[in-house]
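Trainee: Chains as they are written, first to last, in the working numbering: chain A, 1 to 168; chain B, 169 to 527.
Because the hints were derived from the structure by calculation, they are not lab data. By construction, the Cβ of each residue, glycine as well, lies at the ideal position given by its N, Cα and C atoms. Mixed in with the good hints, there may be bad ones.
To be verified - Label pairs and their in silico Cβ distance ranges:
| id | chain 1 | residue 1 | chain 2 | residue 2 | range |
| --- | --- | --- | --- | --- | --- |
| 1 | B | Ala502 | A | Ile163 | 36 to 46 Å |
| 2 | B | Ile369 | A | Thr80 | 34 to 44 Å |
| 3 | B | Arg495 | A | Ala63 | 57 to 67 Å |
| 4 | B | Arg278 | A | Gly88 | 33 to 43 Å |
| 5 | B | Arg278 | A | Thr80 | 40 to 50 Å |
| 6 | A | Ala63 | B | Pro187 | 47 to 57 Å |
| 7 | A | Asp158 | B | Lys268 | 26 to 36 Å |
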Amino acid sequence: MKCQKCERPATFHITELEGGKHTELHLCEEHARQYLTQGEGEPGAAPTIAGALAQQLAVGQTAEELERLDQRACPVCGITFFEFRNQGRLGCPHDYIFFEKELEPLIANIHGETTHKGKQPKQGSGGTQQRTEVIRMRREMKEAIEKEDYERAKELRDEIKRIDEVKE
Amino acid sequence: MELNDLTNSIGEWLRGNGPQADIVMSTRIRLARNLAEFPFITRASDQDRTEIERILRDRVLKMQQSSGELQYLNVSSMDQIDRQFLVERQLISREHAEAKGARGVVIDPREQISLMINEEDHLRIQCMHSGLDVHAAWEQINRIDDLVSEQVTYAYHPRLGYLTACPTNVGTGVRVSVLMHLPALVLTRQIDKVFRSLQKISLAVRGLYGEGSQAMGDFYQISNQQTLGRSEIELVEQVADVVPALIHYEHEARQYLLKESQQSLHDQVSRAYGILRTAQTISSEETMHLLSKVRLGINLQLIEDLSMPKLNELFIRTQPAHLQKIRGVELSSADRNIERARFLRRYLNREEDSNGGKN
């Protein structure tokens with residue numbers, strides 16, 4: 001199928017629901033992007049997560065893909081992609097790594113760029129990964145206590161303490 | 169420093185003495201930061217939030233010597249009027265005031281610096297200067313950020329920069345806003361055109377109290393939207409670069425009004441002044457609207473018996489929480505309107521030589 005606006009193949013199929021009637025659009029990537037961004041620019045409009053997400057999802061995913069994606073949960077904080085989509089806020093720093101593939105087009109959409117250019121923390125950029133692990137360990141410790149697995153909870157507690165001491 | 173002491177000062181953003189202060193009220197820069205070892209706020213347990221608050225409060229207050237006398241205010245234990253009072257002074261955000269759970273703010277006596285703990289991100293550092301002063305504000309906030317980062321491990325990714333709860337802030341986490349008073353562009357109906365052109369270069373325009381707030385009193389905040397892929401200095405300059413053009417347009421619109429309809433403008437300004445001096449009950453919105461007209465009148469020398477600092481003071485003192493703090497009691501909305509009118513009458517009709525701002 002050809003794009004409705006040019007000669008290139010239509011790779012995006014968009015269904016618009018307006019006033020109870022469907023409109024099917026078949027567009028190439030460039031025209032799909034153009035179409036989906038044309039609504040922007042009302043006074044005071046900032047790029048919202050919801051808006052950027054809606055665009056990304058309309059362009060990239062089928063319903064089944066989306067459903068599968070929605071169920072993925074970050075191993076560190078437990079947030080699912082579905083929860084993120086709903087509230088527009090991530091659950092922990094590790095989400096940027098765990099959902100990297102899904103977030104990248106969203107971030108590109110919001111900022112027009114995907115690579116940081118600016119300052120770094122004084123202590124350097126290392127250390128985040130290891131500290132993020134503490135989030136997972138605290139969560140596991142809580143679960144261990146709930147399951148009355150005190151052996152495991154104690155191990156985790158000591159481990160967290162060890163990492164915390166490095167920081168002080 | 170007690171919270172009540174603040175009622176006697178007007179804070180940095182209304183000092184009205186910085187560069188271009190006739191049109192640019194203030195420059196504000198904020199940085200969004202998170203601790204690496206805690207989940208972001210939406211996934212944080214009560215215990216996490218308490219722990220984050222304790223860590224950040226202790227570490228930030230350690231910077232004392234280097235940043236002057238900092239004070240910690242526990243926002244979660246404040247009553248509603250005090251929280252609203254801090255919002256009106258732009259020391260905390262509306263979201264921070266209305267949130268739940270452990271949270272607080274660290275401020276300096278001049279009210280230039282505020283560090284919100286447990287807002288949307290674990291830490292929101294804010295620096296405010298009078299007038300158009302982006303570079304000094306950036307240098308100050310950059311220094312504070314460096315000091316904090318020596319004390320904690322920020323969530324940071326080598327490619328994505330500072331990690332934030334919302335991907336709209338990722339990267340530098342920086343938001344540069346310039347608060348401008350643009351009454352002539354509003355009167356000449358050019359303001360929408362200006363906004364559309366700002367959006368084309370991806371700058372955001374908001375009202376006085378940030379996201380979703382209305383443009384009260386012809387005050388507009390111009391800020392960057394992009395936070396990733398450009399350095400902090402580039403983002404600071406992106407905002408700073410458009411301000412002179414906006415100042416120029418506002419000046420042109422003012423000259424146009426003076427030339428084409430001086431009489432009608434003078435009439436509007438004088439009526440606004442008259443209402444403020446004589447009304448018996450007045451809402452906060454109407455007050456802002458009229459104060460804006462009077463402010464324009466002072467700038468154009470149509471009103472000569474009121475100074476700009478004295479007028480600026482009214483923008484903050486007539487806000488709901490300020491009125492109630494000054495009065496010392498909680499007031500219903502109707503009573504506030506009566507109290508506001510009484511306050512304005514006293515303030516604007518008293519003898520010029522009586523200095524100080526109270527009663």
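Trainee: Hints first: check each against the structure and report whether it holds.
Mentor: Quick rundown of the hints versus the structure:
1. B/Ala502 - A/Ile163: 36 to 46 Å: At roughly 57 Å between Cβ atoms, A/Ile163 and B/Ala502 fall outside 36 to 46 Å, so the hint is violated.
2. B/Ile369 - A/Thr80: 34 to 44 Å: Given about 36 Å between the Cβ atoms, the range holds.
3. B/Arg495 - A/Ala63: 57 to 67 Å: Between B/Arg495 and A/Ala63, where Cβ atoms are some 58 Å apart, the hint holds.
4. B/Arg278 - A/Gly88: 33 to 43 Å: Given about 35 Å between the Cβ atoms, the range holds.
5. B/Arg278 - A/Thr80: 40 to 50 Å: 45 Å, holds
6. A/Ala63 - B/Pro187: 47 to 57 Å: For A/Ala63 and B/Pro187 the Cβ distance comes to about 55 Å; the hint holds.
7. A/Asp158 - B/Lys268: 26 to 36 Å: 33 Å, holds
Hint 1 from the list above is the single one not met by this structure.
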